[in-house]
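Engineer: As a plain string of letters, each chain reads:
Number of protein chains: 2
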Amino acid sequence: MIGTTVRKMLLENEDDFLISSDNVATLSESNSLEHALLVLTKIGYSRVPVLNKEEQLVGLVSLSQVVDQMFGIEDLEPENLANKKVVDVMDTDIPMISLPLDLEKTLHLLVNDSFIPVVNELKQFTGIITRKEILKAVNHLAHELEIEYDVIEKVNT
Amino acid sequence: MIGTTVRKMLLENEDDFLISSDNVATLSESNSLEHALLVLTKIGYSRVPVLNKEEQLVGLVSLSQVVDQMFGIEDLEPENLANKKVVDVMDTDIPMISLPLDLEKTLHLLVNDSFIPVVNELKQFTGIITRKEILKAVNHLAHELEIEYDVIEKVNT
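As given, the protein sequences belong to chains A and B, one line each in that order.
Following UniProt numbering, the numbering of the first sequence begins with 1 at its first residue and continues without gaps.
Following UniProt numbering, the numbering of the second sequence begins with 1 at its first residue and continues without gaps.
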């Protein structure tokens, strides 16, 4: 369990943790890999959420998964990308969380992924929680905890 | 400044922080972008260190920087990749650190980058420090600090 003071300090700027879906590039599961290649190359994120028509989160797709489809036996075959869709290459076994934020679970998931998608009760995509925002909170904690609190080793009895 | 107890707990597994260069995929500045595309697609990292002949760190190159060179006016032109080298597209204005670890600086740099390259006094690449390893230490701190220590709010005088 995470201690109350550590939790409080990490969550001081909790409102900044969620990057709203309005500000996150996504792909549709029906997009061609040609389109996905363009989006993933231009936005500067190597992996983005994939949504269905109902705005539900159905997967994550990475630039390397798309590029991998271009490798032919000898040469690069970009024409492969026109005939395949995001749904054909995306990961579907992905972590996701809902609000209110479960800090413990989120911190654990972020060890293995650079961001965790957030969904509502209808599984619709509402945003992401990123390592970047959590690391800002960690910097805050690391610098402020012992300014605001006395930290005293417990005596073993 | 980071407090002594927080520092101590974050650094408890400091030896695990450095992922040695032996275990990190790198590219040479003279590699063709064709080769870079293959390496960056197959290893599962979207950005890797670039070394010169003296094993010195000279930049970082990402999969999107390589793929971007394939976009022609209308079509994808993979043949562009054979004529260009990693040195032509890599970032050279990159953060790097040396050991012994400056925890404060490292935590700050990791807000903006998913890993920080580590170099020796000759600027030779020796490894990376990743957000993943730091987040493991943060999980440890978050769970253990208030088990091992009493944390008491300071009284303002």
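Hints are supplied without guarantee of correctness; some may be wrong.
Since the list gives no way to pick one copy over another, a pair counts as held whenever it fits inside one copy or between any two copies.
[Claimed, not checked] DSSO-like, lysine-lysine: derived pairs with alpha carbons at most 30 Å apart:
hint : residue 1 : residue 2
1    : LYS123    : LYS105
2    : LYS105    : LYS84
3    : LYS123    : LYS8
4    : LYS123    : LYS154
5    : LYS8      : LYS136
6    : LYS84     : LYS8
7    : LYS132    : LYS42
Bear in mind the hints are in silico, worked out from the structure with no lab data behind them.
Remember, it's a predicted structure, so these values are computed and weren't measured experimentally.
Engineer: Now, for every hint given, state plainly whether the structure supports it.
Structural biologist: Checked hints:
{"no.": "1", "hint": "LYS123 x LYS105", "verdict": "within (18 Å within a copy, 39 Å between copies)"}
{"no.": "2", "hint": "LYS105 x LYS84", "verdict": "neither (35 Å within a copy, 44 Å between copies)"}
{"no.": "3", "hint": "LYS123 x LYS8", "verdict": "within (28 Å within a copy, 41 Å between copies)"}
{"no.": "4", "hint": "LYS123 x LYS154", "verdict": "neither (44 Å within a copy, 44 Å between copies)"}
{"no.": "5", "hint": "LYS8 x LYS136", "verdict": "both (14 Å within a copy, 19 Å between copies)"}
{"no.": "6", "hint": "LYS84 x LYS8", "verdict": "neither (47 Å within a copy, 51 Å between copies)"}
{"no.": "7", "hint": "LYS132 x LYS42", "verdict": "both (20 Å within a copy, 25 Å between copies)"}
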